[in-house]
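Enquirer: Letter by letter, the chains look like this.
Number of protein chains: 2
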Amino acid sequence: MPQPSTHAISTPALLIDESIFSANIARMNDCMARLGVPLRPHLKTVKNIELARLMLRGHPGGATVSTLAEADYFFQAGLDDLTYAVGISPGRFDAVASRLHDGLSLTLILDHPDTARALGDYARRKSIDFQVLIELDADGDRAGLGPDSPELLETAELLRAHRLGLRGVLVHAGGSYGCRSSAELTAMAERERQAAVGAAGRLRAQGHAIDVVSVGSTPTALFAERLDGVTEVRAGVYSCMDLVMAGLGVCSVDDIAISVLTEVIGHRPATGELLIDAGWMALSRDRGTAGHAQDQGYGLVRDAQGGPMNPELIVRATNQEHGIVAARSGASIPLKRFPIGSRLRILPNHACATAAQFERLISIGDELNVLPRCRGWG
Amino acid sequence: MPQPSTHAISTPALLIDESIFSANIARMNDCMARLGVPLRPHLKTVKNIELARLMLRGHPGGATVSTLAEADYFFQAGLDDLTYAVGISPGRFDAVASRLHDGLSLTLILDHPDTARALGDYARRKSIDFQVLIELDADGDRAGLGPDSPELLETAELLRAHRLGLRGVLVHAGGSYGCRSSAELTAMAERERQAAVGAAGRLRAQGHAIDVVSVGSTPTALFAERLDGVTEVRAGVYSCMDLVMAGLGVCSVDDIAISVLTEVIGHRPATGELLIDAGWMALSRDRGTAGHAQDQGYGLVRDAQGGPMNPELIVRATNQEHGIVAARSGASIPLKRFPIGSRLRILPNHACATAAQFERLISIGDELNVLPRCRGWG
Numbered sequence: 001m002p003q004p005s006t007h008a009i010s011t012p013a014l015l016i017d018e019s020i021f022s023a024n025i026a027r028m029n030d031c032m033a034r035l036g037v038p039l040r041p042h043l044k045t046v047k048n049i050e051l052a053r054l055m056l057r058g059h060p061g062g063a064t065v066s067t068l069a070e071a072d073y074f075f076q077a078g079l080d081d082l083t084y085a086v087g088i089s090p091g092r093f094d095a096v097a098s099r100l101h102d103g104l105s106l107t108l109i110l111d112h113p114d115t116a117r118a119l120g121d122y123a124r125r126k127s128i129d130f131q132v133l134i135e136l137d138a139d140g141d142r143a144g145l146g147p148d149s150p151e152l153l154e155t156a157e158l159l160r161a162h163r164l165g166l167r168g169v170l171v172h173a174g175g176s177y178g179c180r181s182s183a184e185l186t187a188m189a190e191r192e193r194q195a196a197v198g199a200a201g202r203l204r205a206q207g208h209a210i211d212v213v214s215v216g217s218t219p220t221a222l223f224a225e226r227l228d229g230v231t232e233v234r235a236g237v238y239s240c241m242d243l244v245m246a247g248l249g250v251c252s253v254d255d256i257a258i259s260v261l262t263e264v265i266g267h268r269p270a271t272g273e274l275l276i277d278a279g280w281m282a283l284s285r286d287r288g289t290a291g292h293a294q295d296q297g298y299g300l301v302r303d304a305q306g307g308p309m310n311p312e313l314i315v316r317a318t319n320q321e322h323g324i325v326a327a328r329s330g331a332s333i334p335l336k337r338f339p340i341g342s343r344l345r346i347l348p349n350h351a352c353a354t355a356a357q358f359e360r361l362i363s364i365g366d367e368l369n370v371l372p373r374c375r376g377w378g
Numbered sequence: 001m002p003q004p005s006t007h008a009i010s011t012p013a014l015l016i017d018e019s020i021f022s023a024n025i026a027r028m029n030d031c032m033a034r035l036g037v038p039l040r041p042h043l044k045t046v047k048n049i050e051l052a053r054l055m056l057r058g059h060p061g062g063a064t065v066s067t068l069a070e071a072d073y074f075f076q077a078g079l080d081d082l083t084y085a086v087g088i089s090p091g092r093f094d095a096v097a098s099r100l101h102d103g104l105s106l107t108l109i110l111d112h113p114d115t116a117r118a119l120g121d122y123a124r125r126k127s128i129d130f131q132v133l134i135e136l137d138a139d140g141d142r143a144g145l146g147p148d149s150p151e152l153l154e155t156a157e158l159l160r161a162h163r164l165g166l167r168g169v170l171v172h173a174g175g176s177y178g179c180r181s182s183a184e185l186t187a188m189a190e191r192e193r194q195a196a197v198g199a200a201g202r203l204r205a206q207g208h209a210i211d212v213v214s215v216g217s218t219p220t221a222l223f224a225e226r227l228d229g230v231t232e233v234r235a236g237v238y239s240c241m242d243l244v245m246a247g248l249g250v251c252s253v254d255d256i257a258i259s260v261l262t263e264v265i266g267h268r269p270a271t272g273e274l275l276i277d278a279g280w281m282a283l284s285r286d287r288g289t290a291g292h293a294q295d296q297g298y299g300l301v302r303d304a305q306g307g308p309m310n311p312e313l314i315v316r317a318t319n320q321e322h323g324i325v326a327a328r329s330g331a332s333i334p335l336k337r338f339p340i341g342s343r344l345r346i347l348p349n350h351a352c353a354t355a356a357q358f359e360r361l362i363s364i365g366d367e368l369n370v371l372p373r374c375r376g377w378g
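Here the protein sequences come in this chain order: C and S. Take the first sequence: its position 203, counted from the start at 1, is 203 in this note's numbering, and no numbers get skipped. Take the second sequence: its position 181, counted from the start at 1, is 181 in this note's numbering, and no numbers get skipped.
Next comes chain C alone, as it looks inside the complex:
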């Protein structure tokens, strides 16, 4: 069935192709069914409840968020079991306490004995029960305690001493974005699994009841060969996919469900390029494919219906509200094929970053649905 016309949509606009989105979800669900582990989907990419519900179908119902604004939005929409997967710090203790008081089950993560102490003191002073995961580091990429470090046991002991609820461990192999083959991705997934399962074992040996062994990133989730000992997988971008994922070999460009609808607003005859109304304000400044074998500039151009272009065009440069579209080959674009007022879709480098530029999205299935997105930090 042909898609409904996007002609009446004012540009730039964030589009989600429902059939591709659903196919991406089915692929991840098949993968999880084979591995025998449920998803706790990360909702920081979509930031919308209708799309979140599609991701949650067939899973226990818990989800992952990156801000308290997301927590508030999804809690209001009925999701009451959320993991706030950014290290908690003292400036947010009051804000978390008020969400717990409202009935949200919000699990926190931390990776420093000082944070455990500060949270413990706060919990005692305010008589609040916090649920905590210890964040682990599998790859030196960002945050987390080493699974073999003395600080892991020290932090767990501090949590116990302060009567904080240690529920388990959490790891995110952000280093998977640096992998360049499926073998490397599979190895990274196993490294992520071993970090989590190994740390859980050490903690259990010290008498801690560890119920949650949480791993995840889209590349490791899709390339894991086994997840024994893991209790949940967190992933989010798998639903939308993007050029970074395609560049890693995690998907093809045809699997990208997210795009920015844009209008041609000018021609650059001297260089054979197009001006479009999607600048970095719409596409974001993300250049995540800059280090890839194929640099996609600020995005890969598709036609107004989402179909491939020949020759291939990319967004070469952006200003705040202008994009410059060039042929990948450097040849002049036949400008007459793209009259002023014609429409294109841009596949983004990074779904999370591009989506973050928009307050709403338009879901395209049998009809067009305008859906809100939550924003800010709360």
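Hints are supplied without guarantee of correctness; some may be wrong.
One copy or any two copies: either way a pair holds, since identical chains are not told apart in the list.
Below, a list of computed lysine to any residue pairs in the SDA-like style, where the Cα atoms sit at most 25 angstroms apart [stated by the list, open to error]:
{"id": "1", "residue 1": "K126", "residue 2": "G341"}
{"id": "2", "residue 1": "K126", "residue 2": "D81"}
{"id": "3", "residue 1": "K336", "residue 2": "A118"}
Honestly, the hints are just simulated from the structure, not real lab data. Bear in mind that the values here come from a model prediction, so they are computed numbers and not experimental data.
Please arrange chain S on chain C, whose structure you already have, making use of the hints.
Expert: Leaving out everything else, chain S in the frame of chain C:
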């Protein structure tokens, strides 16, 4: 007088230092007074009416916007003379017409005979008077017709034939961001001026009444030696300044009025780095200083009051909600000086891009004021 405490502000937050902001405005106003040309400030950086009013003081009252959402927001706040400085295209004709109908004086720009024809046909069909500037290209950077091109006169004739109101010409020397010395900036300012004044002269010679000769960018505005023949200057980032401007020698880092308040949420003992709660969601993905003599990463770190740090720290890397702060020298940061929960301010590469990540800002003077920012495209 010491600034009020920012302790109670939840992070990440966008801050404007009022005294620096005012000093930046005074500097530009002095410059304009010397050159004898008024400002039509560009409001795409601040996107807030209180700050816009400070920028408009002493000038005729017209302003520049980059989206119809800004036009709506500022019109509602009482600004009724706006130039929409992104080339108009057919998908927005109806939206512009409805703003004109509501009483907003919204001047459009275009740079293609086809756009002039399409707008002319639309205007006749709908019986609407549009006010138009022809966009000029001074430096091959983005959009605009060559000041000496046959298309300039052709487009003007089309506007006349269609009874569209040609008010003048507009040029933006975006190439000034590639200048590397004050001599180059001064030369670029003169090139911008000559493009505009030269094109205005050609059009007048053809019998067109040219009232508006509009130039502008912050670097060229501050480094112009003469602006004879120019009727207005557009600039916006001058009020906030940023690391890109400092890198061009347009200001010093102490002149940057805009920053992101952030909290230390973790330590990376293996690398001697800090984790902060300002990732690219707060700072943006802008890496505008990457090609400068001094690469500032994702931002330069200052203390919680905005003072300089010793040793110098920068945001080396970002994820969605995490930043990694490293010493510029590569040495380990003494982590005990930055306990978890301590606060820092980050000066951004690009004020417009960082501000765009926030729905509100906090203006810091004698007291703290939370001010809204408009968003989206309308």
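Enquirer: In ascending order, which of the hints set out earlier in this document are inconsistent with the structure?
Expert: The structure breaks none of the hints.
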